[in-house]
Amino acid sequence: MKNLIVYYSRKGENYWNGTIKNLAKGNTEIVAEMIKNNVGGDLFEIETIKTYSLDYYKCIDDAKKELHANERPELKSFVESIAEYDTIFVGYPNWWGTMPMAVFTFLEHYDLAGKTILPFCTNEGSGMGSSERDLKRICKGAVVKPGLSIHGAEAKESKGLVAAWLKKSI
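Residue numbering for the sequence shown is 600 to 769, as defined by the working numbering.
A portion of the hints provided could be inaccurate.
16 Å max Cα-Cα, derived EDC-like pairs, lysine to aspartate or glutamate [as the list claims (entries may be wrong)]: (1) Lys610 x Asp641; (2) Lys649 x Glu673; (3) Lys755 x Glu723; (4) Lys739 x Asp685.
By construction, these hints were calculated from the structure, which means they are not laboratory data.
Turn these sequences into a full structure, and let the hints guide you.
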């Protein structure tokens, strides 16, 4: 079994326990690295061609417009082939109740039939939102297992939560 850990993460200004904090590394990236350290696999960061505003509030306004327009932002690159992967971990921040639209772009690029999808989401209290339902809708033929919701401000301290989720999920 080979794992792919694909994630979208925001560095820089982020909402953090009721304030804005500048992060050198995004919360979702931190959790993605914990997953890799636990189960192994290849890491792949989803990156958009479009650069989002460094200002957190402007960024989330743009994200809301993308969601309402059902946009699919262009990505810088894709994994060449996912054929060798059995399990795909999909990580993202909860933006407006679901995944950032760039994650939709990535997933819709592939035939995911027969794959196991394990979602993980960082958020400041909104949990997984509708992302698990959205994953089941767009990942046709894949098994989408229950996801892991991590409070973003506690991402660095979530090793135990990540390990427990992995133990029951794989």
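Do the hints match the structure? See the list:
The suggested pairing of Lys610 with Asp641 is violated, with an alpha-carbon distance near 20 Å, which exceeds 16 Å. At most 16 Å may separate the alpha-carbon atoms for a hinted pair to count; Lys649 and Glu673 meet this at roughly 7 Å. A C-alpha spacing of about 14 Å is found between Lys755 and Glu723, which places the hinted pair at or below 16 Å, so the restraint holds. A C-alpha spacing of about 15 Å is found between Lys739 and Asp685, which places the hinted pair at or below 16 Å, so the restraint holds.
In summary, the structure is inconsistent with hint 1 from the numbered list given earlier, while agreeing with all the others.
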